[in-house]
Amino acid sequence: METLYNLFETLNNLFLIIAAFIRGLFADPQSVWANLTMDVIGFIIVVVIIVLAALILILLERKVAGWTSQRPGPNRLGPRGWFQTIADALKLIGKEDVTPAGADKLIFKIAPMMIFCIPMMTLAVIPFGKGLAPANLDLGIFYFVAMSSISTVAFLMAGWGSNNKYSLLGGMRAVAQMVSYEIPLLFSLLGVVMITQSFNLGVIVEAQATIPFIVLQPLAFVIFVIAGMAELNRAPFDLVEADQEVVAGPFTEYTGLRWGLFFLGEYGNMTALSALGATVFLGGWQGPAFLPGYVWFFMKVGVFVFFMMWARWTFPRIRIDHLMHLAWKVLLPLAILNILLTGLGIYIYGFVMGG
Amino acid sequence: MTVEKTEELIMNMGPQHPSMHGLFRMVVHVEGETITKIIPKMGYLHRGMEKLAESRTYSQFIPYTDRLDYLASPHNNWGYVQTVEKLMGVEVPERAEYLRVIFGELARIASHQVFIASTALDLAGWTLWSYAFRDRERILDMYEMTAGNRMTVNIMRIGGMLAEPPEEFWTALKSFLDDTPEMLEEYYGMFFGNEIAQGRLKNVGILTKELAENLSITGPVLRASGVDYDVRKAEPYSIYDRFDFKVPVLTGCDSYDRTIIRMDEIVESIKIIKQAIRDIPGGPIMAKVPKVIKPPVGEVYHRVENPKGELGFYIKSDGTTKPSRVRIRPATFINIQMLPIVAKGLKIQDIVAIFATLDAVLGEVDK
Amino acid sequence: MENNVLNRYVEELATRVNGEVEESFGVLILKVKAASVTETLKEAKNFPDAPCDFLHDLCGVDTTEHFEVVYQLASLHGPQRLRVKAMVDRENPVIDSVTPIWEGANFLEREAYDMFGIIFKGHPNLKRIYLWDDFEGYPMRKDYVTEPIEVRDVVRKRIEGE
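Protein chains in written order, with the working numbering: chain A, -13 to 341; chain B, 3 to 369; chain C, 525 to 686.
It should be emphasised that the hints constitute simulated quantities derived from the structure, not laboratory data.
Yeah, the Cβ is synthetic: ideal placement off N, Cα and C, and Gly gets one too.
The reader is advised that the hints may include incorrect statements.
Claimed, not checked - When the alpha-carbon atoms are kept at most 25 Å apart in a straight line, the in silico PhoX-like pairs for lysine-lysine are as follows:
no., chain 1, residue 1, chain 2, residue 2
1, B, Lys53, B, Lys43
2, B, Lys235, C, Lys569
3, C, Lys666, C, Lys645
4, C, Lys651, B, Lys53
5, C, Lys609, B, Lys53
6, C, Lys666, B, Lys296
7, C, Lys651, B, Lys43
8, B, Lys39, C, Lys651
9, B, Lys346, C, Lys651
10, C, Lys569, C, Lys609
11, B, Lys211, C, Lys566
12, B, Lys346, B, Lys211
13, B, Lys204, B, Lys346
What the hints assert, rightly or not - Facing chain B, from chain C, some residues (calculated, C-beta under 7 Å):
no., residue
14, Gln596
15, Leu600
16, Phe659
17, Gly661
18, Pro663
Unchecked claim - Here are the simulated distance ranges between beta carbons:
no., chain 1, residue 1, chain 2, residue 2, range
19, C, Thr588, B, Gly191, 58 to 68 Å
20, A, Ile322, B, Gly191, 26 to 36 Å
21, C, Leu655, A, Lys77, 38 to 48 Å
Between the sequences and the hints, there should be enough to build the whole structure, so can you do that?
Structure representation (structure tokens):
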């Protein structure tokens, strides 16, 4: 029993132990150089997580699509088709890199890199396990939302730079949609912030030791999921890349690895937002103690991602005026109502407890 | 203060556009997302069918009709062979007539299933697409059992049918008919009952009754605008007067009703096929037709109710083995005319919805 | 009964516009000159008891002596059917457009123009519909040579040389 417990503790703190070991290699474990090394390692881990997530999620998405539409999905390459994404990635690397003649070359080339950078920056503040946040910021949520909204600019750059009318329309749609949905998204997170009195994601997870915030903030959770899907341009809100209308929106003119970067960025963003959702509403790495915290965390992220994929393959695409209607006339008032109710709840709780 | 006006954007939708159902192209003028003008362009699939007909014998032209509305090819065969039969005065055996009805209605179901699939796909309902195609596959299998082909079936001949369906055709047909109500429920439950889908389709592309009549629109699109007109009832060809079925009419005039009316038509088609299976007599499936088909001098115009609308054939014979003029009246070619009129002032997404519910097949539009 | 009524109207109309009435497979055919087509069709659309108010089809026909524009009229509210044929001069193929009467004639007239070169006066947008804009000739005319000119020349030369 004792050994089992020790083993579990070791597993749970595996990464912390490794980190302490690496720091121990330096003469002064708290020196600037040690910190810098740890930051670089954290950065590499985040990139690895994004790439791995994209590899797995693309396959998962196709499998989910197959499952919903009663077909096997990719099943040729490797056991049950597990190597499909690797083959796709190799194909993308081998493709010609085309820049359209009339394109704004600089903007055209920067846009995919920017899209790929955003999940790297946002994932940095997520605590993957106990004490496992690559960057433990006090304004974690604020930083996350601020960074993720940069992708609007990247989409517009891609749309404008491509010199393609479909891309331009897609870029314009991206701006309209993402700016609108930013607000309900942020407001839905404010309820949690009010309860925990902190923007720090680590503190928020610690606060969910007894009860995840999905129970205390069900309305905020629903708003978060909807606004999050819209923010990510996932169906039913995929107006930006709507194949049937604007062909592929900002991505129309991209080929090869640049297009692959968009794809990586999209799935990276999806992972990041799912990670935020899992952290804020589902309790992050908190969970019954028979599994290490980081396993819990990734399981919760997986559930979140699966839900988004399920929704994508179930719902048709929403119309643009309905989209705006939903953001400004439904989600935003509801989010404000949620803030009001939360404030009221905190006041009553304090009154009862205090009195 | 000066009011700044945004520049009008001219977009080419098609011919290689995912939702243009083949090779249709339209030049769309938009202001932001709002459409100010649509100019439809076609001809990318034009094969000169009418010209080809003039250098083919009457029987040689039957396979070409398959390529008109390739989603319901038995129906096109039917329209053509009936026109020639009318011109020649050929009596078709009873059994062949019943078989024609069965295949014609199967073609209607298959065509409407593709309609449901493609409409869903155009609204990004990826999942329903594969469901509807899965079910359509069973009809294609039935074609294959009888004629050997799946898409361009070429199953009818002047004076009768190509072949007698094998035994397993009838079992497959019966099990298909039994499963169809469930399929329709599935389509509705999975997609058309969805609120987002209804939001995309309802009150989009209003085609009033007057406009529809003025634009010579036919078929389900006309009936969804509240006009009770079906050639099968109004001017029964073949043996349609023997069957008991309703003509579904809806009065919504919008894209949603144009979708739902197809579902209702599938129900009626099932009814017709069931009655045909019950009443089908034995006997030959081919009338005695001369080897060389040489209709007398004359002209005839005959129309049938294709799944997409009325398909008309106007054949002018000069007494030789080749027709002097074959005119094909394609239904969707004429139905497409409503697109620029009703789509004005709507959003880009709405053209896709309206075009989807027109159920245009470019084989027929471009001939 | 209905047909008798229609018969009478068509006869009356024929005398007024100087046309001929025929019957084929139970459908009345009214042959008129190109000049009186608008009047004929307007009249036919408004026959009091049996209005032929639905333009079913419009197509061109080349009879080698002249062109015909064939209008297949029907009605959504009755069994009446009528075929109006307008004779168009081959040398000067001009006829009035019926788009003011039926908007649906728009594409059909463009097609007839495309294939036969019949010019419809008053059509809002008379351009080729299937073929490209600088296509030469009108393919459905009987005197149209289907082979490209190069091919035809090659064939001719060979025959001449033999």
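The hints, checked one at a time:
1. Taking the CA atoms of lysine 53 of chain B and lysine 43 of chain B, the gap is about 21 Å. The hint holds against a cut of 25 Å.
2. For a cut-off of 25 Å, the pair hint linking lysine 235 of chain B to lysine 569 of chain C stands: about 22 Å separates their Cα positions.
3. A threshold of 25 Å between alpha carbons decides the hint, and for lysine 666 of chain C with lysine 645 of chain C the separation of about 23 Å falls inside it, so the pair holds.
4. Proposed proximity of lysine 651 of chain C and lysine 53 of chain B is supported: the alpha carbons are some 20 Å apart, at most 25 Å.
5. This hinted pair checks out: lysine 609 of chain C and lysine 53 of chain B have alpha carbons roughly 21 Å apart, not beyond 25 Å.
6. A hinted pair counts as satisfied when its Cα atoms are at most 25 Å apart, and lysine 666 of chain C with lysine 296 of chain B qualifies at roughly 20 Å.
7. Proximity of lysine 651 of chain C to lysine 43 of chain B is assessed by CA-CA distance (about 11 Å); at most 25 Å being required, the pair is judged to hold.
8. With a C-alpha separation of about 17 Å, the suggested pairing of lysine 39 of chain B with lysine 651 of chain C holds against the 25 Å cut-off.
9. Annotation: proposed proximity of lysine 346 of chain B to lysine 651 of chain C holds, straight-line Cα distance about 22 Å (limit 25 Å).
10. Distance check on the hinted pair: lysine 569 of chain C and lysine 609 of chain C sit about 15 Å apart at the alpha-carbon level, within 25 Å; holds.
11. Between lysine 211 of chain B and lysine 566 of chain C the CA atoms are separated by roughly 20 Å; this keeps the pair inside 25 Å, and the hint holds.
12. Taking the CA atoms of lysine 346 of chain B and lysine 211 of chain B, the gap is near 18 Å; set against the 25 Å cutoff, the hint holds.
13. Distance check on the hinted pair: lysine 204 of chain B and lysine 346 of chain B sit about 16 Å apart at the alpha-carbon level, within 25 Å; holds.
14. With a cut of 7 Å, the hint placing glutamine 596 of chain C at the interface with chain B holds, because the nearest CB-to-CB distance is about 6 Å.
15. For leucine 600 of chain C, the interface hint holds, since its Cβ comes within 7 Å of a Cβ in chain B; the closest pair sits about 5 Å apart.
16. Interface restraint check for phenylalanine 659 of chain C: the shortest CB-CB distance to chain B comes to about 10 Å, outside 7 Å, so the restraint is violated.
17. Hint status for glycine 661 of chain C: violated, given a least beta-carbon distance of 12 Å to chain B, over 7 Å.
18. Look at proline 663 of chain C: its Cβ gets to within about 6 Å of chain B, closer than 7 Å, so that hint holds up.
19. Checked against the hint of 58 to 68 Å, the C-beta distance between threonine 588 of chain C and glycine 191 of chain B comes to roughly 60 Å, which is consistent with it.
20. Checked against the given bound of 26 to 36 Å, the beta carbons of isoleucine 322 of chain A and glycine 191 of chain B, roughly 35 Å apart, stay inside it.
21. A hinted range of 38 to 48 Å holds for the C-beta pair leucine 655 of chain C and lysine 77 of chain A, which are about 40 Å apart.
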